[in-house]
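Turn these sequences into a full structure, and let the hints guide you.
There are 2 protein chains.
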Amino acid sequence: MKLGRFTVVGPDGPIHRIGLFLPEQNRVIDLRRAEALRLQGRGATPEAALRYASGVFPESMSAAIALGDLFLESAHEAAAARGDDASVSLEGLKLAAACDPSIVRDGLTFVKHIRQFHERMNLTPAPALLQVPGYFKGTPWTVVGHDAEVPWPERAEKMDYELELGWVMGRRAHNISPENARECLFGVTIFNDFSARDLQANEFAIGMGPTKSKDFAYAIGPWITTVDEFDDLGAIRMSVRVNGETWGEGDSSELLWSIDELIAYVSLGDHIQPGDVIGSGTMGNGSALELGRSLAEGDVVELDVAGVGVLRNTIAKRTRGTWWPEPRKPFM
Amino acid sequence: MKLGRFTVVGPDGPIHRIGLFLPEQNRVIDLRRAEALRLQGRGATPEAALRYASGVFPESMSAAIALGDLFLESAHEAAAARGDDASVSLEGLKLAAACDPSIVRDGLTFVKHIRQFHERMNLTPAPALLQVPGYFKGTPWTVVGHDAEVPWPERAEKMDYELELGWVMGRRAHNISPENARECLFGVTIFNDFSARDLQANEFAIGMGPTKSKDFAYAIGPWITTVDEFDDLGAIRMSVRVNGETWGEGDSSELLWSIDELIAYVSLGDHIQPGDVIGSGTMGNGSALELGRSLAEGDVVELDVAGVGVLRNTIAKRTRGTWWPEPRKPFM
Numbered sequence: 019m020k021l022g023r024f025t026v027v028g029p030d031g032p033i034h035r036i037g038l039f040l041p042e043q044n045r046v047i048d049l050r051r052a053e054a055l056r057l058q059g060r061g062a063t064p065e066a067a068l069r070y071a072s073g074v075f076p077e078s079m080s081a082a083i084a085l086g087d088l089f090l091e092s093a094h095e096a097a098a099a100r101g102d103d104a105s106v107s108l109e110g111l112k113l114a115a116a117c118d119p120s121i122v123r124d125g126l127t128f129v130k131h132i133r134q135f136h137e138r139m140n141l142t143p144a145p146a147l148l149q150v151p152g153y154f155k156g157t158p159w160t161v162v163g164h165d166a167e168v169p170w171p172e173r174a175e176k177m178d179y180e181l182e183l184g185w186v187m188g189r190r191a192h193n194i195s196p197e198n199a200r201e202c203l204f205g206v207t208i209f210n211d212f213s214a215r216d217l218q219a220n221e222f223a224i225g226m227g228p229t230k231s232k233d234f235a236y237a238i239g240p241w242i243t244t245v246d247e248f249d250d251l252g253a254i255r256m257s258v259r260v261n262g263e264t265w266g267e268g269d270s271s272e273l274l275w276s277i278d279e280l281i282a283y284v285s286l287g288d289h290i291q292p293g294d295v296i297g298s299g300t301m302g303n304g305s306a307l308e309l310g311r312s313l314a315e316g317d318v319v320e321l322d323v324a325g326v327g328v329l330r331n332t333i334a335k336r337t338r339g340t341w342w343p344e345p346r347k348p349f350m
Numbered sequence: 019m020k021l022g023r024f025t026v027v028g029p030d031g032p033i034h035r036i037g038l039f040l041p042e043q044n045r046v047i048d049l050r051r052a053e054a055l056r057l058q059g060r061g062a063t064p065e066a067a068l069r070y071a072s073g074v075f076p077e078s079m080s081a082a083i084a085l086g087d088l089f090l091e092s093a094h095e096a097a098a099a100r101g102d103d104a105s106v107s108l109e110g111l112k113l114a115a116a117c118d119p120s121i122v123r124d125g126l127t128f129v130k131h132i133r134q135f136h137e138r139m140n141l142t143p144a145p146a147l148l149q150v151p152g153y154f155k156g157t158p159w160t161v162v163g164h165d166a167e168v169p170w171p172e173r174a175e176k177m178d179y180e181l182e183l184g185w186v187m188g189r190r191a192h193n194i195s196p197e198n199a200r201e202c203l204f205g206v207t208i209f210n211d212f213s214a215r216d217l218q219a220n221e222f223a224i225g226m227g228p229t230k231s232k233d234f235a236y237a238i239g240p241w242i243t244t245v246d247e248f249d250d251l252g253a254i255r256m257s258v259r260v261n262g263e264t265w266g267e268g269d270s271s272e273l274l275w276s277i278d279e280l281i282a283y284v285s286l287g288d289h290i291q292p293g294d295v296i297g298s299g300t301m302g303n304g305s306a307l308e309l310g311r312s313l314a315e316g317d318v319v320e321l322d323v324a325g326v327g328v329l330r331n332t333i334a335k336r337t338r339g340t341w342w343p344e345p346r347k348p349f350m
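First to last, the sequence lines map onto chains A and B.
Under my numbering, read the first sequence as residues 19 to 350, first letter to last.
Under my numbering, read the second sequence as residues 19 to 350, first letter to last.
Note that these hints are calculated values from the structure, not bench results.
You may find that some hints are simply not true.
If chains are identical, the list can't say which one is meant, so a pair holds when it fits in one copy or spans any two.
[To be verified] Keeping only pairs whose Cα atoms sit at most 20 Å apart, straight-line, the calculated SDA-like set for lysine to any residue is:
1) Lys130 <-> Pro345
2) Lys176 <-> Ala334
3) Lys347 <-> Leu273
4) Lys347 <-> Val245
See below:
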């Protein structure tokens, strides 16, 4: 099942609706509406039906996933009973970010990417990389969806994409082991960890993790494919196109840390929440940096993942004039 | 005004109440109750009064602060009108974290701490530290309050505290400049950024920011003092006691980056939310590391900040047995 969110305008402004996406039929089932119609057919008043349906299919994907089994069961039932009466065309539909993670976490697992990244940056991989799965944390407030324009961050010169899978979590998890990780996985989405490479190099030297080099945009979408639809999460074909030209392709194999190890490690000490997204890390050849290239204003970046779809974003024009700190003098 | 949260048990389990703390009178005004009583005195039914009061004084401090001017105005009015009829004793009261930030952000600003930290770690400060304000991001899911026990993270040996102020944000902020930062500041709380130094050294080498070395506990409390109660945010006396013995003291002066610069920088590209907490960074002598010491099981750590109060936490016993990743072999 493919689940995501689209935006409609209500009396108080734009709101998000959870949809069951049927891209091969070029339509989306508005699940709140389908569920309300289904309940009305079973004796509910329209008002009570809408109240209940709004609880099961709220604006937040995280809130829906947090309902556990009820969410997918209701989606199946609503779609089967009244999906045809609650469909909207995908044509011209404005998509929201497929989910709204409480915090962004992003791993570093593809061996080929780690090798090529270090070669390009002229760095030797830290031995620490072999000790524990590395990951960084990103703000949840710059998550954007399919077709969103990606702002050009202040003072950045070298703009880049990162071709990644997004592991969408289905359950709370704390101190779990890899054997229990898979049952916490809800689905797979596409994750573009846009990066300003020149800012990133400076922030790397500070050692507190990326801030301005990453926190301007995390694209998630166009929807989530539930995990049951994949035969093998380690053999998903992936590619990236810039302005229609293929810049990188490969698949989800050859991991330094398995998906289950990454999820379990994130859960240590910390608490994973339903709807959280953990980036897989960048696929080998999944960044322009590895090719010695970078993005320009107006570039259209498409991440194509088999079993999910295409996540497309456009790089905005630069803006200047935001305040920027003055460098300090050395004090030791 | 001192605002925080305490925990009571309702029919569905523990819930948080927002309180106006009067520590010198050893009591707390339950603001939801005071506001409901005030409205009843003005013709509201008890049910409608409670419904409205629950909206203004919800469980989440962030949600309350997000109401803007209404929150503090209502707190003043409710306390003045019916505070005496809605007071509970501070004695034995269970406090929750004073606020519930959407994400933790923590700066690095005190010159003395930066100098001493690098001396102890045998590191030369990166020139990048002088270019932009460094800060890291932490999970919001391990935020704890006054008197909470701090778990001992898996595989950690060198446990430490960090004596910091927490800047509690009152407004959304995006791409602001330092001149506009102060109007976004709601109040000051105490922030203990507990740290596992051995894990931190390993994570520093990975370069993606701290994860397991920090994400096990961020203590915030005991309450927030609104910013109007401070004459000078750069002259706040601070000290730390371990098991009653003073280990460090100083004040909030001598910053590499001003409070306003730190807030403005965090807002660049990213979006600050009401109720977010930005750690000031550790005060000089505000960590055991700087003294060549570390914490032991059962240690009681008290951070004492003039104008706020004392934030006390106990270090839990170690637990073992959680899964931990097996190191990988070098691949390049």
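Structure-based check of all given hints:
1. Proximity of lysine 130 to proline 345 under the C-alpha cut-off of 20 Å is restricted to the inter-copy arrangement: shortest distance 18 Å between copies versus 36 Å within a copy.
2. Taking CA atoms no more than 20 Å apart as the test, lysine 176 paired with alanine 334 passes inside one copy only; the shortest distance there is 14 Å, against 46 Å between copies.
3. Within a single copy, lysine 347 and leucine 273 get their C-alpha atoms only as close as 43 Å, which misses the 20 Å cut-off; across copies the closest is 13 Å, which meets it.
4. Taking the closest pair of Cα atoms, lysine 347 and valine 245 never come within 20 Å of each other, the shortest separation being 53 Å inside a single copy and 30 Å across copies.
Of the numbered hints stated above, the single one contradicted by the structure is hint 4.
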